[in-house]
Amino acid sequence: MPSTFFGWVGFLLKQYGGLFLSGTLTTLLIALTGTFFGFIIGLLVAIVRTIEIPRGMGPVKRAIRKLAHMLIGVYIQVFRGTPMIVQAMVIYYGSMQYLGIDMERTMAAILIISINTGAYMAEIIRGGIISVDKGQFEAAHSIGMTHWQTMTTVVLPQAIRNILPSVGNELIVNIKDSSVLNVISVSELFFQAKSAAGTYYKYFEVFFIIAVIYLVLTVTVSRVLRFVEKKMDGPDNYVICGSQSDSRSEIVVSKEQEQEVDRQWQSK
Amino acid sequence: MAEQVIEIRGLHKAFGSHEVLKGIDFAANKGEVVCIIGSSGSGKSTLLRCINLLENPDKGKICYHGKDILTDETINMPQYHAKVGMVFQQFNLFGNMTVLENCMTGQMKVLKRSREESMENAMKYLRKVGMEAYVGAKPRQLSGGQKQRVAIARTLSMDPEVILFDEPTSALDPEMVGEVLSVMQNLAQEGMTMLVVTHEMGFARAVADKVVFMDQGVIAEEGTPDQVLGSPKHERLQSFLRSML
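Protein chains in written order, with our numbering: chain A, 1 to 268; chain B, 1 to 245.
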């Protein structure tokens with residue numbers, strides 16, 4: 001048996017490395033797919049919520065719209081207003097006892113995270129849509145686009161860019177908070193750690209390793225998201241195509257060059 | 001007699017208890033340039049926004065080639081929007097698209113044109129407004145005057161019959177007003193029907209076939225530029241014109 005802290009860490013890694021790896025993969029799987037489906041749920045909810053009443057909408061349609069809004073309101077309130085650990089217990093055991101559905105645990109985990117994240121995403125995306133200038137809607141309508149076309153081609157691309165930092169937050173929260181799903185025995189990272197730690201009563205060493213793994217995951221994810229944001233913003237430069245008399249000339253104007261020109265101007 | 005493209009009868013619009021339009025009667029013939037002037041709050045912009053259905057009028061008729069767009073079910077709304085274009089004070093270029101995409105997306109989505117056709121058409125109009133060199137730029141990289149010229153090209157790309165201009169130069173730096181006005185002047189000479197809400201009296205005098213003065217939700221005076229701007233009868237128009245100098 002090892003005697004030092006690092007000795008134990010090495011020993012446990014050798015002994016349980018496979019277990020930690022599978023736990024990490026499960027955590028990543030449920031966090032990523034859960035965030036993805038949550039995002040889709042949020043997107044649909046937000047689109048429904050931003051539909052304006054068109055001219056001459058019948059009373060039946062109006063009622064349906066009102067009902068939909070009410071249900072969405074309840075959904076958001078309930079899933080933002082209760083802890084995910086409780087939702088997990090209620091959904092998993094509730095569906096088993098009263099609906100007779102014995103869900104596969106990883107599937108149940110993905111379902112719970114999706115529904116929970118959807119409630120937050122709905123509000124985040126609604127905020128993103130509101131943040132897009134009203135003029136963008138008007139311009140799109142004025143060239144004849146429908147609500148759906150306006151949303152998918154003009155508004156949502158801008159809204160999603162604006163909310164990407166918040167979406168990243170949600171993903172990071174999900175990587176960490178999926179650990180609460182150990183209560184329904186999902187074999188994610190925390191659950192695996194608990195079983196590994198119990199064997200030798202080495203809680204500190206095991207959870208030290210687990211903390212490092214979580215940290216590596218979240219740092220990596222935030223880096224990737226930052227990269228995606230930069231990609232979406234596109235380059236700072238643009239190409240001015242040559243004039244008709246000089247069709248092959250291309251001038252690349254960069255911010256630096258513009259500033260240089262400004263400086264030269266000011267010094268004159 | 002020239003063909004009437006837009007005809008408005010008894011148009012009313014209120015925001016809450018505030019009545020902005022109190023019965024507007026007005027018509028624009030094909031190929032006419034109508035300048036709408038008046039102090040702020042007189043309802044000029046609201047009138048244009050009603051014609052484009054960005055606001056729903058409370059009462060009255062807006063006829064396009066004799067068909068009331070508010071009640072006639074046979075009118076295809078996207079087609080109507082394509083035929084009656086709008087240029088905004090704040091440009092409202094789509095921020096997520098390049099200059100070229102801004103001019104193509106409406107053609108492809110609304111008019112269902114092919115990508116090649118849309119691009120060809122977009123380039124034609126970008127050339128016309130002198131912005132063909134900037135096809136790859138994003139709106140945030142352009143100056144105000146350049147943005148407005150692209151916005152005009154975007155509207156033209158839909159091959160409209162009428163263009164509504166809502167104070168197209170009011171958000172521009174003074175040195176950029178000229179480039180936009182000269183684009184508009186060219187359009188007018190080519191026979192485009194235009195309704196222009198503007199504070200540019202020089203433009204109204206030089207280009208307009210008809211000038212309409214709006215005051216407190218009604219049309220107080222209308223006529224040729226010489227009549228309205230040269231020898232105003234209405235007292236409020238006289239003081240308005242004095243304040244513009």
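Hints listed in this document are in silico derivations from the structure and should not be mistaken for laboratory results. Virtual Cβ for every residue (Gly too), placed ideally from N, Cα, C. It cannot be assumed that every hint is accurate.
[As the list claims (entries may be wrong)] Label pairs and their computed distance ranges (CB to CB):
#1 A:146 x B:30: 25 to 35 Å
#2 A:67 x B:12: 53 to 63 Å
#3 B:16 x A:183: 47 to 57 Å
#4 A:106 x B:161: 52 to 62 Å
[To be verified] Once the Cα atoms are required to be at most 30 Å apart in a straight line, the calculated DSBU-like pairs of lysine-lysine come out as:
#5 A:194 x B:233
#6 B:67 x B:83
#7 A:230 x A:14
#8 A:176 x B:59
#9 B:83 x B:59
#10 B:30 x B:61
#11 B:61 x B:83
#12 B:233 x A:134
#13 A:61 x A:134
#14 B:30 x B:128
#15 A:134 x A:231
#16 A:66 x B:59
#17 B:112 x B:124
#18 A:134 x B:112
#19 B:83 x A:134
#20 B:233 x B:67
#21 A:134 x B:22
#22 B:61 x A:61
#23 B:128 x A:194
#24 B:112 x B:67
#25 B:61 x B:22
#26 A:61 x B:128
#27 A:66 x A:134
#28 A:14 x A:134
#29 B:112 x B:83
#30 B:22 x B:233
#31 B:128 x B:59
#32 A:176 x A:202
#33 A:61 x B:124
#34 B:233 x B:61
#35 A:61 x B:59
#36 A:14 x A:231
For this structure, which hints from the list above don't hold up?
Violated hints (numbers, rising): 2, 5, 7, 8, 12, 20, 23, 26, 28, 31, 33 and 36; every other hint is consistent with the structure.
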